[in-house]
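Asks: Sequence:
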Amino acid sequence: MTQGDNRSNRTKQAIIRAAENLYARHGIDGVSLNTITRTARQSNRNAIQYHFGGKNGLLQAIFDKHSPGVAGRRAAIIDELADQGEATEVIVATAMVQPLIEKLSDPDGGEAYVHISAELISANTLGYQSPETYPLQLVRETKIAEFTARQFANLPQAVVEQRILHMNILAYHGVSDHARLRKMKRYTAADTEFMASNLIDSIVAVLSMAPSKRTHHLLNNSDAKVS
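The sequence shown begins at 1 in this note's numbering and counts up one residue at a time.
Hints are not guaranteed to be accurate.
What the hints assert, rightly or not - In silico lysine-lysine, BS3-like type, Cα no more than 27 Å apart, as pairs:
1. K65 <-> K12
2. K55 <-> K65
3. K213 <-> K65
4. K143 <-> K183
5. K143 <-> K55
Derived from the structure by calculation, the hints contain no laboratory data.
Turn these sequences into a full structure, and let the hints guide you.
Replies: Now the structure itself:
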């Protein structure tokens, strides 16, 4: 790697760290690219455009930094719990939540990644289902997708699509909101284990509860879609 490559990499890492912190604090639409550039102490106002191609490229870089590790942890948790004979719904729920909890202890933007993911979770979930229409390329988590499909095998597709969205909202917003409350001293780190267990229980319920008669009635009398 040349000196120029090292300088370019340092610039990109500085911009990513600035973007993580600002997006997590102020929201994706609450921060301009110029603000990120200034916070990263870059004199070139076009640095983000040059290194990332724009806002979507910068967001992609944030997900590329964190998502593979999360996906890897999920796959490892699934293998471990499956070997222990855990129920499928418990395996899926634990694999969804636990890596996000671990991200809160990652000093290199881990908590910021959780907040950013929570804000984008609806778009990301739909984008995962229809990647050709979504500007961000998301890691394909085939193992958790396989176990989720197994759990939902007997449910109508419209119910499955909404429940997957609900599970992701619960997981990402649950961990993100807990982290924000913890910063406000509403909770302590010791409360996190309890919260995580309760959150896993909640997602298990989404995975295992049969649709009600009313849900079946509404499904059979409408063109139900993810909403």
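Asks: Please go over all the hints and tell whether each is borne out by the structure.
Replies: Hint check:
1. K65 <-> K12: holds (12 Å)
2. K55 <-> K65: Holds. K55 to K65 sits at ~15 Å (cutoff 27 Å).
3. K213 <-> K65: violated (44 Å)
4. K143 <-> K183: This hinted pair is violated, its Cα atoms lying about 33 Å apart.
5. K143 <-> K55: violated (30 Å)
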